[in-house]
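Colleague: Chains as they are written, first to last, in numbering that gives the first Met the number 0: chain F, 0 to 130; chain X, 0 to 135.
Honestly, the hints are just simulated from the structure, not real lab data. Heads up, a few of these hints could be off.
As the list claims (entries may be wrong) - Listed next, the stretches of chain X that the computed footprint assigns to chain F, with coverage defined by at least 3 CB atoms under 8 Å from CB atoms of chain F: (1) 19 to 33; (2) 56 to 65; (3) 72 to 83; (4) 86 to 92; (5) 125 to 133.
Unchecked claim - Have a look at the derived ranges for each label pair, beta carbon to beta carbon: (6) X/LYS107 / F/LEU103: 42 to 48 Å; (7) F/LYS109 / X/LYS107: 39 to 45 Å; (8) X/TRP67 / F/LEU70: 24 to 30 Å; (9) F/ARG65 / X/ASP105: 41 to 47 Å; (10) F/VAL43 / X/ASP105: 33 to 39 Å.
Beta carbons: idealized from backbone N, C-alpha and C, even for Gly.
Residues per chain, in single letters:
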Amino acid sequence: MTNATGFDSGRSGRGAAYVSDRSGAAHAKFMKLTARALAPLAIVSAWTLIGVVGEPYEAARAVIGRPISALALIGFIVIGAVHARYGMETIIDDYVHDPAKRELALKANKWVSTAIAAVWTLAILLIAAPR
Amino acid sequence: MTQQADTEGLAARRPLSPHLTVYRPMLTMMMSIAHRITGAALYASVLLLALYLLGLAFGPGAFGLVSWIANGFIGHSVMFLFTWALFHHFLGGVRHAIWDRGLYMDPKGRELLAQGTLFGGVGLTVVFWIVAALAR
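Isolated chain X (complex conformation):
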């Protein structure tokens, strides 16, 4: 254990080249990070929604405790962000599937797919919510 602590201390003391502080942020890089963040956000979202569904299943009393997840200002915000994360992560997956086939890997293609993920995610979210509001 002391040996491990020693090597970990050694690693902490070793000089490290700057990375995040010097690398120019690129859209493809940002979308990769966003893919991970939206994935984690979706994990947390389905956890919250599990509580919501439990409330719906148990009865009006239980539902009163969890209705904030989908109702009111907080609920609307939570659900909006959830669907945005879902569409963004979905389009990110499509982007990776396209890249897996070796397509759109040139500089212009990469930018196009990254922009498509970003703007497509926002666009799909907005379209779905507008259509849902109209359909009520």
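Pulled out of the complex, with its shape left as it was, chain F reads as follows:
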């Protein structure tokens, strides 16, 4: 692979592509990794959640409570919440410039994304628990 600028980063293998020494590479790799994990989980979760639409209380609980559905939903939200958190961080980085507001927004993002994952997981476990 030829390098137009002739700059040698000293890295080899997959790392050779990451020439910049800024911190974006770790984020980008994480987003791609979580995206791959989320692909099948999102499909199963979408199917499950469509199945819940319009259903009354007991029927909705039965749909969510099935083992495969429950596991897929939990996997989806645990990985998805971190994926969403990093995604929202890029949005905050782009649009919020005031330092105080930025700090607040980044903190709020961290809390909300963690809370969403925790609430989903615990609620699904409660729903799927055998009576």
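Starting from the known structure of chain F, arrange chain X on it as the hints suggest.
Modeller: Same frame as chain F, but now just chain X:
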């Protein structure tokens, strides 16, 4: 602080070239914006669904407060838009994964992937909902 306010005021007063007002909208550009918007919409959706799941976990009384999220006209609309955003964002991610490997980066390839994201997202949504309705 005054120095910062000064530079910010300075930045606000500096003339800016037109961008959004003059750039011709292209599909790849629109899909990039849509990728971000669907991502944010999914964030809001999982927040709403967290409330819904809490209602399901707590009992019929609590469920009555949150059932609007998935039942009735509003619920159906919310869930339809949620699944559309999910499939669109998913296909957008696939598009980026393909581009990361250096494939389909020529003008025709880019258009193809962008169209695939748009129409594929709608198509997947419609297919899933139809099959779900038939399976009930």
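Colleague: Hints the structure violates: just list their numbers, smallest first.
Modeller: Of the numbered hints given earlier, the structure breaks just one, which is hint 1.
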